[in-house]
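If you read the sequences in order, they're chains A and Z. Here the first sequence is numbered in the working numbering, starting from 7 and rising by one per residue. Here the second sequence is numbered in the working numbering, starting from 7 and rising by one per residue.
Some clues are possibly wrong.
One copy or two, either will do: identical chains are not told apart, so a pair holds if it fits within one copy or between any two.
Straight-line Cα separation of at most 16 angstroms, EDC-like style, residue types lysine to aspartate or glutamate; simulated pairs [what the hints assert, rightly or not]:
#1 K390 to E120
#2 K223 to E237
#3 K68 to D497
#4 K79 to E249
#5 K495 to E107
#6 K223 to E249
#7 K496 to D76
#8 K346 to E168
#9 K307 to D317
#10 K380 to D364
#11 K86 to E15
#12 K223 to E168
#13 K132 to D515
#14 K403 to D434
#15 K328 to D364
#16 K307 to E249
#17 K353 to D339
#18 K113 to E57
Keep in mind that the hints were calculated from the coordinates and are not lab data.
Protein chains: 2
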Amino acid sequence: MFRTHNCGELKITDINKKVTLSGWINIIRNKGSIIWIDLRDRYGITQLVLEEKTTDSSIFKKAKTLGREDVIKVKGTVSKRTSKNEKISTGEIEIVITELEILNSSKIPPFTIENDTDGGEELRMKYRYLDIRRPQIRENLILRHQVVSILREYLNKKDFIEIETPSLIKSTPEGARDFLVPSRMNPGKFYALPQSPQTLKQLLMIGGMDKYYQLVKCFRDEDLRADRAPEFTQIDCEMSFIEQQDIFNTFEPAIQQVFNVIKGVTLPKFPVYTYDEVMSKYGTDKPDLRFDMQIIDITEKVQKCNFKVFDNSEYIGAICVKNSASFTRKQIDIYTDFIKNPNLKGKGLVYIKYNEDDSIRSSIDKFILPEQFKNWFIDLEAKKGDLVFVIADKKQKAQKILGELRLKLASDLNLKDKNKFAPLWVIDFPLLEWNEEHQRFFASHHPFTSPKDEDIVKMTTDPANVKAKAYDLVMNGFEIAGGSLRIHKKDIQEKMFKIIGMDLKQAYDEFGFLINALGYGAPPHGGIAIGLARLCAILGGSEAIRDFIAFPKNNSGKDIMIDAPSLISSEQLKELNL
Amino acid sequence: MFRTHNCGELKITDINKKVTLSGWINIIRNKGSIIWIDLRDRYGITQLVLEEKTTDSSIFKKAKTLGREDVIKVKGTVSKRTSKNEKISTGEIEIVITELEILNSSKIPPFTIENDTDGGEELRMKYRYLDIRRPQIRENLILRHQVVSILREYLNKKDFIEIETPSLIKSTPEGARDFLVPSRMNPGKFYALPQSPQTLKQLLMIGGMDKYYQLVKCFRDEDLRADRAPEFTQIDCEMSFIEQQDIFNTFEPAIQQVFNVIKGVTLPKFPVYTYDEVMSKYGTDKPDLRFDMQIIDITEKVQKCNFKVFDNSEYIGAICVKNSASFTRKQIDIYTDFIKNPNLKGKGLVYIKYNEDDSIRSSIDKFILPEQFKNWFIDLEAKKGDLVFVIADKKQKAQKILGELRLKLASDLNLKDKNKFAPLWVIDFPLLEWNEEHQRFFASHHPFTSPKDEDIVKMTTDPANVKAKAYDLVMNGFEIAGGSLRIHKKDIQEKMFKIIGMDLKQAYDEFGFLINALGYGAPPHGGIAIGLARLCAILGGSEAIRDFIAFPKNNSGKDIMIDAPSLISSEQLKELNL
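Please construct the entire structure, taking both the sequences and the accompanying hints into account.
The following block contains the structure:
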């Protein structure tokens with residue numbers, strides 16, 4: 007037997023017990039006549055002690071040869087520690103060693119196994135198994151397990167059935183790029199890995215399964231950014247005979263429960279915003295509501311104030327930065343450069359400082375009188391000491407710039423409190439998006455999303471203004487879940503495909519299995535998918551989802567630890583007819 | 007709101023409640039002045055009633071247009087039923103309808119939505135979403151969910167952490183054929199889909215995660231048989247600081263709990279057999295212990311009895327078929343043909359009938375005296391009325407034939423009781439298997455399996471006789487789980503690769519990440535993987551694992567519902583450099 011206890015559980019009440027422990031040497035302190043070892047496992051750290059005058063000499067000698075990360079098994083007696091360590095759960099005791107077995111030795115690790123490690127990211131990824139020994143990564147993986155456990159238990163209690171859908175499915179256009187898998191048994195043909203089990207879960211609803219969920223691996227062959235992974239896990243759910251509010255009533259408490267159990271936080275009822283509302287107030291469909299700094303439309307107020315640039319603009323919007331009138335010229339230049347960056351292409355940034363002494367300094371104070379500024383301040387709720395930034399441009403572009411500026415300011419001013427959680431539902435997304443390159447509409451969400459009932463008539467007459475029964479759950483500036491009610495009528499589904507440029511033949515070639523299924527008694531249904539790593543990252547107070555994935559890939563889609571993807575043998579290629 | 011209750015929950019205590027229900031029309035009986043509808047959902051069936059003289063005429067008229075599988079929403083009052091239906095949970099009540107809304111209509115389904123359906127397998131697979139509406143398939147999927155829930159809960163309580171390993175990994179030789187995924191971002195390189203997360207879970211142990219599990223999709227590109235699927239799910243587990251008995255102590259109660267909760271059965275302690283023992287007694291490493299009929303080695307007893315065929319055979323084995331002396335010549339011929347089939351290549355089958363009147367009839371009674379037969383019967387425990395079959399051949403071949411014959415007889419004699427469960431552990435598998443074609447040893451299990459300590463010395467001197475720390479959990483003739491303790495010492499792992507014909511360079515090219523990891527303090531570890539669909543099939547009393555998979559593929563690896571695999575566009579191929 008390798009252990010009677012783990013390294014995190016022995017307490018003062020265990021004094022004098024004979025115990026066996028196994029684990030890794032975290033630290034070894036050799037003081038000549040006495041050796042202390044911090045023995046580590048997943049559960050904690052226990053101090054071992056060997057004294058030259060009382061320990062068997064062969065054991066003491068063996069202990070002297072030990073090094074960091076060696077794996078040992080020891081027997082000994084639990085004793086009271088003279089100097090307590092209150093930082094660890096076993097800090098009141100130590101083990102006086104009577105037997106020592108070296109189970110395996112370790113080379114010196116390429117970086118220190120501590121939260122504050124000296125290893126760079128590339129090195130830690132190559133030795134990810136050592137990185138996982140660091141308490142932070144270990145706790146992240148355990149957090150993920152806990153999140154999953156809470157959600158599963160919740161869904162099980164609500165009569166959801168976990169059903170696995172296949173991973174080798176059919177490649178379909180629309181959406182992101184598929185990962186493909188050549189079929190050896192069907193030469194020239196390919197499977198695709200699922201981008202999501204969307205159509206399959208709809209078929210389960212048509213099959214009468216009523217409430218489904220699955221923790222499912224999804225795959226997208228997209229160029230990677232820091233927060234994207236080629237494979238990712240979603241908690242995928244679907245329900246029949248429901249309306250949007252039923253989804254909220256089911257999943258809002260689920261998320262609340264996760265935060266309550268993991269963080270001890272009671273989240274309030276999630277506010278509901280329309281897409282139009284968040285776009286105008288925050289310039290994004292994923293607003294971070296941990297701080298205010300709303301975008302205010304001041305177009306009407308500031309036009310005809312004798313400033314041509316404003317008079318000639320479609321839209322003028324502003325944000326009020328609290329207590330920031332003291333920004334230096336240099337600081338303001340940073341934000342001007344920021345809004346001019348190639349992603350945003352802002353033309354210029356107007357600032358207005360409302361100083362504590364009631365004076366006003368602005369980049370446009372040659373054109374605008376103090377009384378006029380003060381009139382604007384009413385709408386902006388700007389007080390003495392505040393700073394106002396103004397953007398004049400096309401409406402959508404200006405809102406986007408102000409939204410990004412708002413986020414940058416919040417970062418710089420430390421308004422993004424890791425321990426604050428600001429959830430909201432965003433609803434009424436547009437059903438369709440016009441694509442200039444392809445000169446056609448694309449589905450904003452996916453082509454199975456239902457239009458709002460009252461907008462069905464507009465599908466042919468005014469597609470750009472059709473709203474969808476789609477919703478996102480947003481928290482701290484990230485989408486943590488998204489979903490929609492689906493089209494359950496065959497004729498509407500056919501119409502939808504037509505609007506996004508598919509003729510009936512193509513639609514049936516690609517999605518015939520689903521369109522046909524809608525003809526056999528499809529119930530009204532809808533669902534949601536929760537991005538697991540993102541939810542964990544928010545709970546863990548991190549923006550890096552990779553820290554919550556056991557074996558993540560890098561930005562080139564490579565696993566540098568196992569060296570994947572890799573070259574393969576010509577025999578393998580031949581078998582696959584490649 | 008679509009429903010206040012589901013179709014399985016209303017009881018006599020709900021009388022007079024106003025309720026709203028939604029579901030599918032299972033059966034509609036139109037008796038002219040009265041219409042009964044059986045409304046169905048996942049939870050059950052509720053009877054609806056409409057009477058011409060009391061129901062609003064527009065509703066009654068609408069009801070007359072309804073057909074099977076239409077989806078409706080109704081409001082009405084719960085009433086006591088005049089003639090109870092004790093087969094269903096709602097059999098004491100019916101709903102008197104006051105409102106009726108048709109949510110969606112259905113074409114006439116291509117087969118009846120009943121357990122005893124008129125649809126053939128191909129048709130049901132094409133319309134799998136309709137097949138899932140059949141109670142049997144629905145119950146199978148719910149059973150699978152329950153099994154998973156029980157096992158997860160069990161493992162969570164035992165401090166196991168669920169950790170997801172990647173699905174896009176590296177292709178490695180050894181084992182079955184990989185499914186490959188071309189990498190667009192790394193031209194010419196490929197990912198492989200995991201055949202199992204074997205090496206990754208070992209890295210998690212080296213990473214100190216201690217106890218891991220995962221319900222994980224695995225992929226093998228093999229030619230398919232009825233009980234094989236290209237993708238399948240295993241409950242994959244690994245533990246550190248354990249011995250074989252710790253695995254048994256952890257997973258035996260897990261399986262017992264599943265059978266207890268799902269079947270109400272208390273499984274006894276699982277007997278442990280060595281590989282050598284089951285091979286000699288049952289001719290297979292997956293013995294079905296629901297019935298006896300052991301293979302008895304009668305070589306010593308029957309040689310030198312004046313029958314040349316026996317005297318010249320390496321081995322003579324027999325099975326005693328209880329109460330079957332009355333088999334006709336024709337029946338016996340069937341078994342003779344069976345053992346001569348191309349898979350078994352038996353040379354001949356000797357029968358000995360020990361008749362009720364104490365007489366003996368045998369295919370070799372010209373050579374053997376009744377007294378001699380009776381002497382053999384002692385070892386075979388053959389009584390009057392029994393039939394004995396004898397095979398003389400090379401030992402392994404004879405045992406295999408007798409094992410297969412035993413199974414066929416059990417099927418024909420209805421000895422395979424669906425409601426009986428006979429688990430056992432099989433241990434001490436050979437570490438290596440000689441492959442004639444490649445003229446080298448292959449790992450019997452996989453090359454990470456540890457040899458038994460006492461056999462390490464034989465790895466170079468006598469590899470064929472090295473036993474492994476490998477174990478299978480077998481039930482009713484199927485392997486439901488398999489695992490091993492792993493090699494955790496770097497030098498042993500290098501030796502193992504050498505024995506299976508890999509030089510050090512090749513071993514490091516393919517598995518360097520793991521071999522290196524063993525050098526950084528790998529703990530003793532081992533694990534097990536449970537075949538989920540197989541376990542469910544046994545619990546469900548079926549031999550067809552496909553019935554426990556939501557969307558199974560056929561024997562050509564095709565999903566005929568969604569039409570996968572399929573041809574893909576030349577642009578897609580070009581992007582992938584294929």
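Going down the list of hints, with the structure as the test:
1. K390 to E120: neither (47 angstroms within a copy, 75 angstroms between copies)
2. K223 to E237: This pair counts as both: shortest intra-copy Cα distance 6 angstroms, inter-copy 14 angstroms.
3. K68 to D497: neither (79 angstroms within a copy, 21 angstroms between copies)
4. K79 to E249: between (58 angstroms within a copy, 14 angstroms between copies)
5. K495 to E107: The answer is between: 15 angstroms across copies meets 16 angstroms, while 69 angstroms in one copy does not.
6. K223 to E249: neither (27 angstroms within a copy, 33 angstroms between copies)
7. K496 to D76: For K496 and D76, only the inter-copy Cα distance (14 angstroms) is at most 16 angstroms; the intra-copy one is 64 angstroms.
8. K346 to E168: Neither: 49 angstroms inside a chain and 46 angstroms across chains, both beyond 16 angstroms.
9. K307 to D317: within (11 angstroms within a copy, 112 angstroms between copies)
10. K380 to D364: within (10 angstroms within a copy, 119 angstroms between copies)
11. K86 to E15: within (14 angstroms within a copy, 60 angstroms between copies)
12. K223 to E168: Both, since 14 angstroms and 14 angstroms are each at most 16 angstroms.
13. K132 to D515: Between copies only: 15 angstroms across, 44 angstroms inside.
14. K403 to D434: neither (21 angstroms within a copy, 70 angstroms between copies)
15. K328 to D364: within (15 angstroms within a copy, 107 angstroms between copies)
16. K307 to E249: Result: close neither inside a copy nor across copies, 41 angstroms intra and 78 angstroms inter.
17. K353 to D339: Within one copy only: 13 angstroms inside, 94 angstroms across.
18. K113 to E57: Neither way: K113 and E57 sit 26 angstroms apart in one copy and 84 angstroms across, limit 16 angstroms.
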